[in-house]
Amino acid sequence: NAGVTQTPKFQVLKTGQSMTLQCAQDMNHNSMYWYRQDPGMGLRLIYYSASEGTTDKGEVPNGYNVSRLNKREFSLRLESAAPSQTSVYFCASSPTDNYGYTFGSGTRLTVV
Amino acid sequence: RKEVEQDPGPFNVPEGATVAFNCTYSNSASQSFFWYRQDCRKEPKLLMSVYSSGNEDGRFTAQLNRASQYISLLIRDSKLSDSATYLCAPLGGTSGTYKYIFGTGTRLKVLA
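Here the protein sequences come in this chain order: A and B. Numbering-wise (the working numbering), the first sequence opens with residue 1 and increments by one. Numbering-wise (the working numbering), the second sequence opens with residue 1 and increments by one.
Everything labelled a hint here was simulated from the structure, so no lab data went into it. A portion of the hints provided could be inaccurate.
[Said to hold, decoys possible] Below, computed lysine-lysine pairings styled on BS3-like, alpha-carbon distance capped at 27 angstroms: (1) B/K2 x B/K79; (2) A/K71 x B/K2; (3) A/K57 x B/K109.
[Stated by the list, open to error] Looking from chain B toward chain A, a few residues come up when the C-beta cut is under 10 angstroms (computed): (4) N27; (5) A29; (6) S32; (7) Y36; (8) R41; (9) G58; (10) F60; (11) T61; (12) K99; (13) F102; (14) R107; (15) V110; (16) L111.
[Said to hold, decoys possible] Chain A is faced by these chain B residues, among others (derived, beta-carbon under 10 angstroms): (17) P8; (18) P10; (19) Q31; (20) Q38; (21) S49; (22) S53; (23) L74; (24) R76; (25) L80.
C-beta atoms are modelled at their ideal positions from N, C-alpha and C, and glycine is treated no differently.
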């Protein structure tokens, strides 16, 4: 049982490059989330999808876009990476939006 | 006032000790509460949920004080393996929009 799978685990981008972070869950969860974690800032919600077909902005959505491709997959896209987007990105899922989350192992992104 | 506040620690305790952390939250509408454990450079993992006054799971007890707007986590008989950062996460909103606000965590070091 894989749970929540994120790819890639590590990535270095140059300023202005684009990339997509992939996330897939095999637990038949309805809700999925993208967070970033920075030292001293804690986990901050970027975007979430309460159910298939819906997405909403979280606390820090600027510079990001998301796609809920199907019930299993929720991707996060950086269109033009900036050094301020250097962070650890976590994808999470839950059965519905008022349950505890299962997190993926994270993507460590560095933008130079 | 921050939405969720935690003492960053570290709390250094000997093996076998009892330790407690508090987490204060500002949103009085928060309906449920969660504690997560995060090991260094790993993803958060759900530890406990608190929906009413409290919850107990083995050596771990979580309590909620709605009047004073804080939740606590008590760890009895601390083990070396309990060393981690503990994140609290009140959940607020309405159905379809429930979102966590995570605290920045309290670091625990259990010493041999």
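These are the hints, each one checked on the structure:
no.: 1; hint: B/K2 x B/K79; in the structure: 31 angstroms, violated
no.: 2; hint: A/K71 x B/K2; in the structure: 34 angstroms, violated
no.: 3; hint: A/K57 x B/K109; in the structure: 36 angstroms, violated
no.: 4; hint: N27; in the structure: 14 angstroms, violated
no.: 5; hint: A29; in the structure: 13 angstroms, violated
no.: 6; hint: S32; in the structure: 6 angstroms, holds
no.: 7; hint: Y36; in the structure: 8 angstroms, holds
no.: 8; hint: R41; in the structure: 8 angstroms, holds
no.: 9; hint: G58; in the structure: 17 angstroms, violated
no.: 10; hint: F60; in the structure: 14 angstroms, violated
no.: 11; hint: T61; in the structure: 17 angstroms, violated
no.: 12; hint: K99; in the structure: 6 angstroms, holds
no.: 13; hint: F102; in the structure: 4 angstroms, holds
no.: 14; hint: R107; in the structure: 12 angstroms, violated
no.: 15; hint: V110; in the structure: 22 angstroms, violated
no.: 16; hint: L111; in the structure: 24 angstroms, violated
no.: 17; hint: P8; in the structure: 8 angstroms, holds
no.: 18; hint: P10; in the structure: 14 angstroms, violated
no.: 19; hint: Q31; in the structure: 7 angstroms, holds
no.: 20; hint: Q38; in the structure: 9 angstroms, holds
no.: 21; hint: S49; in the structure: 6 angstroms, holds
no.: 22; hint: S53; in the structure: 18 angstroms, violated
no.: 23; hint: L74; in the structure: 19 angstroms, violated
no.: 24; hint: R76; in the structure: 22 angstroms, violated
no.: 25; hint: L80; in the structure: 23 angstroms, violated
In this structure, the hints that do not hold are numbers 1, 2, 3, 4, 5, 9, 10, 11, 14, 15, 16, 18, 22, 23, 24 and 25, in rising order.
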